[in-house]
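**Student:** Mind assembling these two chains? They're in different frames, but the hints should get you there.
Chains as they are written, first to last, in our numbering: chain P, 1 to 111; chain H, 1001 to 1115.
Rather than coming from a laboratory, the hints here were simulated on the basis of the structure. What you are looking at is a predicted structure, and each value in this text was computed from that prediction instead of being measured. Every residue gets a Cβ at the ideal spot worked out from N, C-alpha and C, and that includes glycine. One thing to keep in mind: the hints can contain errors.
As the list claims (entries may be wrong) - Calculated from the model, a selection of chain H residues having no Cβ within reach of chain P, i.e. all distances over 10 Å:
| no. | residue |
| --- | --- |
| 1 | Thr1013 |
| 2 | Glu1053 |
| 3 | Glu1068 |
| 4 | Asp1071 |
Said to hold, decoys possible - Below, in silico cross-link-like pairs of lysine to aspartate or glutamate (EDC-like), each with a Cα-Cα straight-line distance of 16 Å or less:
| no. | chain 1 | residue 1 | chain 2 | residue 2 |
| --- | --- | --- | --- | --- |
| 5 | H | Lys1042 | P | Glu5 |
| 6 | H | Lys1078 | H | Asp1062 |
| 7 | H | Lys1078 | H | Glu1068 |
| 8 | P | Lys42 | H | Glu1003 |
| 9 | H | Lys1057 | P | Glu2 |
| 10 | H | Lys1042 | P | Glu2 |
| 11 | H | Lys1042 | P | Glu39 |
| 12 | P | Lys68 | P | Glu5 |
In case you want the letters, here they are:
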Amino acid sequence: GENVEQHPSTLSVQEGDSAVIKCTYSDSASNYFPWYKQELGKRPQLIIDIRSNVGEKKDQRIAVTLNKTAKHFSLHITETQPEDSAVYFCAASLYDYKLSFGAGTTVTVRA
Amino acid sequence: EPEVTQTPSHQVTQMGQEVILRCVPISNHLYFYWYRQILGQKVEFLVSFYNNEISEKSEIFDDQFSVERPDGSNFTLKIRSTKLEDSAMYFCASKPSGGSTDTQYFGPGTRLTVL
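Bound conformation, chain H alone (with noise of 0.2 Å):
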């Protein structure tokens, strides 16, 4: 069965430093997010992205993030500017359509620690 793949599993970066995380998401999806999970909470949704251009971003998804799709197949979120709260597991979703027919299919996920 298809799967969302992500990498790096795990990146560890200086404070200040911009940081790229890679998403593959499953070949027919048309709909691509972004959520990350600080360790012991919940889920917490970043971005969605259709079409090539972002549908909707949450409060968290400041002027230090950006998202890219950059060919037919990755889905990339970069982070110019590392803080030390963006300490997270973040994690790639895509979903085939729209509607509400379809379910959102979650990576592995990248645990990014800032130091």
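Just chain P, with the same shape it has in the complex (with noise of 0.2 Å):
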């Protein structure tokens, strides 16, 4: 099955930098790639999603990258502030299956 491996665990930037996630899935056949923000006790919101036909994909300060042939993805996030403290999922699925989640990130946005 879909394995997603995700860096770092933990990420410190300070207000104002740039955050970048990295996701690794070993199968070649996933087509969609969701990246999830999940706050303390809360449920995983939705944030940024690429499909396996476009290379990279912005909303505002949160830009996504995918390279197939590497089976790669990462996540940028701009201009961070303490509001983008959270833990952030990447997943990786085919179609309409079960999302296969990475370990997740806990950034820290220092004031």
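**Tutor:** Okay, here's the thing in structure tokens:
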């Protein structure tokens, strides 16, 4: 089955700096890669996703890149703010099948 | 904006007891999922459900687990005889349709504590 690895496990950045989280996946057939943000005690919330026919997608301060050849995808957060502090999960799936999640990255934005 | 809802928010039970976790997916969604997250760990897939039947299940989803859509709105997860290791946050998710165009939306979760 699909195996998603996520790095780093924790990330501390100064407010205003950028944060980058990287994920790799094992199943070359996977074609959908969402990123979820989870605040303490709350549900995972989708923040951005990318499909295999696209190499990069941006939504305001958040961007995701996908390298299908290398089977890795990354989340980029620019101009970080305190409210960006949360756990971020990457995931991979094939169409409507299950989501396979990475282990999560705890992001702390220092004021 | 419609959201997936789950009840109860927290369930405490004794080992060996049966529990039923309830979910109300978003109304026009057709695909339903259960995931669990043990404290401090990744979210793990349990089961997916479509057209009134299980479409996929993980190795975690053994004979102690079952799912049901008893009516047009509820989606339930039953654990027949709970074990200590079943303690986790259980998330329900739903998706409008198949294909690669739709996202899974998660409920707020039910924290299950098995004593």
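**Student:** It remains to establish, for every hint, whether it holds in the given structure.
**Tutor:** Hint-by-hint comparison with the structure:
Non-interface call for threonine 1013 of chain H relative to chain P: holds, since the shortest CB-CB distance, roughly 20 Å, exceeds 10 Å. No Cβ of chain P approaches the Cβ of glutamate 1053 of chain H within 10 Å, the least distance being about 14 Å, so the stated non-interface status holds. The claim that glutamate 1068 of chain H is not at the interface with chain P holds, since no C-beta of that chain comes within 10 Å of its own (minimum 19 Å). Remark: the non-interface label on aspartate 1071 of chain H is consistent with the geometry, its nearest Cβ contact in chain P lying 23 Å away (cut-off 10 Å).
Straight-line distance between C-alpha atoms of lysine 1042 of chain H and glutamate 5 of chain P comes to about 11 Å, which keeps the hinted pair within the 16 Å bound. Under the criterion of a C-alpha separation no larger than 16 Å, the hint pairing lysine 1078 of chain H with aspartate 1062 of chain H is consistent with the structure, at around 11 Å. For the suggested pair lysine 1078 of chain H and glutamate 1068 of chain H, the alpha carbons sit about 8 Å apart, so the restraint of at most 16 Å is met. Taking the CA atoms of lysine 42 of chain P and glutamate 1003 of chain H, the gap is about 13 Å. The hint holds against a cut of 16 Å.
About 14 Å separates the Cα atoms of lysine 1057 of chain H and glutamate 2 of chain P, which keeps this hinted pair within 16 Å; it holds. For the suggested pair lysine 1042 of chain H and glutamate 2 of chain P, the alpha carbons sit about 14 Å apart, so the restraint of at most 16 Å is met. About 14 Å separates the Cα atoms of lysine 1042 of chain H and glutamate 39 of chain P, which keeps this hinted pair within 16 Å; it holds. Restraint check for lysine 68 of chain P and glutamate 5 of chain P: satisfied, since their Cα atoms lie roughly 15 Å apart, inside the 16 Å limit.
Hint violations for this structure: none, all hints satisfied.
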